[in-house]
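In case you want the letters, here they are:
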Amino acid sequence: NAGVTQTPKFQVLKTGQSMTLQCAQDMNHNSMYWYRQDPGMGLRLIYYSASEGTTDKGEVPNGYNVSRLNKREFSLRLESAAPSQTSVYFCASSEAWGRAYNSPLHFGNGTRLTVT
Amino acid sequence: GQQLNQSPQSMFIQEGEDVSMNCTSSSIFNTWLWYKQDPGEGPVLLIALYKAGELTSNGRLTAQFGITRKDSFLNISASIPSDVGIYFCAGLRGGSQGNLIFGKGTKLSVKP
Numbered sequence: 007n008a009g010v011t012q013t014p015k016f017q018v019l020k021t022g023q024s025m026t027l028q029c030a031q032d033m034n035h036n037s038m039y040w041y042r043q044d045p046g047m048g049l050r051l052i053y054y055s056a057s058e059g060t061t062d063k064g065e066v067p068n069g070y071n072v073s074r075l076n077k078r079e080f081s082l083r084l085e086s087a088a089p090s091q092t093s094v095y096f097c098a099s100s101e102a103w104g105r106a107y108n109s110p111l112h113f114g115n116g117t118r119l120t121v122t
Numbered sequence: 024g025q026q027l028n029q030s031p032q033s034m035f036i037q038e039g040e041d042v043s044m045n046c047t048s049s050s051i052f053n054t055w056l057w058y059k060q061d062p063g064e065g066p067v068l069l070i071a072l073y074k075a076g077e078l079t080s081n082g083r084l085t086a087q088f089g090i091t092r093k094d095s096f097l098n099i100s101a102s103i104p105s106d107v108g109i110y111f112c113a114g115l116r117g118g119s120q121g122n123l124i125f126g127k128g129t130k131l132s133v134k135p
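Those sequence lines, one after another, are chains G and E.
Here the first sequence is numbered in this note's numbering, starting from 7 and rising by one per residue.
Here the second sequence is numbered in this note's numbering, starting from 24 and rising by one per residue.
Source of the hints: derived by calculation from the structure; they are not laboratory data.
Just so it is clear, the structure is predicted and the values come from calculations on it, not from any experiment.
Don't be surprised by glycine CBs; every beta carbon is placed ideally from N, CA and C.
One or more hints might be untrue.
Said to hold, decoys possible - Sample of chain E residues with no beta-carbon within 10 Å of chain G, all distances over it, derived: (1) 32; (2) 67; (3) 113; (4) 128.
Unchecked claim - Derived CB-CB ranges, DEER-like: (5) G:69 x E:81: 25 to 31 Å; (6) G:79 x E:103: 35 to 41 Å; (7) E:135 x G:26: 40 to 46 Å; (8) G:65 x E:107: 24 to 30 Å; (9) E:68 x G:46: 43 to 49 Å; (10) G:34 x E:64: 19 to 25 Å; (11) G:68 x E:67: 28 to 34 Å; (12) E:30 x G:71: 32 to 38 Å; (13) E:64 x G:46: 36 to 42 Å; (14) G:25 x E:107: 45 to 51 Å; (15) E:63 x G:20: 21 to 27 Å; (16) G:20 x E:82: 31 to 37 Å; (17) E:135 x G:122: 22 to 28 Å; (18) E:91 x G:23: 44 to 50 Å.
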């Protein structure tokens, strides 16, 4: 059981370049999330998908787009990367959306992105 | 937006010592969660708290949901080297995970 798998693990981009971060989960979870982690800032939600076919903005969505490709996969796209997007990006999934009880977030191991 | 104040920011302790950290907010939360992040990995859930006053243990870890619902505490007893990592609290006001707010983390270092 792989859990939540993120690719790539590391990426360096130049300002203005675009890229897509991939995330897949094999736990048959309904909800998926993208967070960014910056030093001293904790985790901040970028976008989430409560269920297949839906996506919504989180706390810091500017500069990003997402696609819930199917129940397993949720991708994050940077159309025109900026140095402020240098961060560690985490994908997470949970069984359910409407309740926090017994539906914890399961995180991937992150993608470390540097934008120069 | 909402903020969680997590303290201390970092701790350097000797193996065998007990550890305490806490999270406070100006807002009321219905759920408190504690996560641990090992270097190079994603956070992993340690303990979940759902009721004010609740005290829950997971091995050497004990967490409490504050009576005011504005704070939570995590204690680690008899620390060992593998306790090293960053501990995050997270609070949830409503039932949906999209409203989960994370603290900034407590970085724990343990000297053998």
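**Prompt:** Holds or violated: 19 to 25 Å for the Cβ distance of residue 34 (chain G) and residue 64 (chain E)?
**Reply:** At 22 Å between Cβs, range holds.
**Asked** If you check the beta carbons of residue 79 (chain G) and residue 103 (chain E), does the distance land in 35 to 41 Å?
**Response** Holds: the Cβ-Cβ distance is about 38 Å, inside 35 to 41 Å.
**Message:** Beyond 10 Å on every Cβ pair: is that true for residue 128 (chain E) relative to chain G?
**Reply:** violated (6 Å)
**Asked** Are residue 65 (chain G) and residue 107 (chain E) spaced within 24 to 30 Å by their CB atoms?
**Response** Between residue 65 (chain G) and residue 107 (chain E), where Cβ atoms are some 29 Å apart, the hint holds.
**Message:** Quick check on a hinted range of 25 to 31 Å for residue 69 (chain G) and residue 81 (chain E), using CB atoms only.
**Reply:** violated (38 Å)
**Message:** Within 32 to 38 Å: is that where the Cβ-Cβ distance between residue 30 (chain E) and residue 71 (chain G) falls?
**Reply:** Between residue 30 (chain E) and residue 71 (chain G), where Cβ atoms are some 36 Å apart, the hint holds.
**Request:** Could you tell me whether the CB distance from residue 91 (chain E) to residue 23 (chain G) stays inside 44 to 50 Å?
**Result:** holds (48 Å)
**Item:** residue 82 (chain E) and residue 20 (chain G) - C-beta distance against the hinted 31 to 37 Å
**Value:** violated (46 Å)
**Prompt:** That 21 to 27 Å hint for residue 63 (chain E) and residue 20 (chain G) (C-beta), does it hold up?
**Reply:** Check passed, 25 Å falls within 21 to 27 Å.
**Item:** Distance rule for residue 67 (chain E), whose beta carbon must clear each one in chain G by more than 10 Å
**Value:** The claim is violated: residue 67 (chain E) sits with its nearest Cβ about 7 Å from chain G, within 10 Å.
**Prompt:** For the pair residue 68 (chain E) and residue 46 (chain G), does the Cβ-Cβ distance stay inside 43 to 49 Å?
**Reply:** violated (22 Å)
**Item:** Non-interface label on residue 32 (chain E), tested against every C-beta of chain G at 10 Å
**Value:** With a cut-off of 10 Å, residue 32 (chain E) comes too close to chain G, as the shortest Cβ separation is near 8 Å.
Violation of the numbered hints given earlier is confined to hints 1, 2, 3, 4, 5, 9, 13, 14, 16, 17; the remaining hints are satisfied by the structure.
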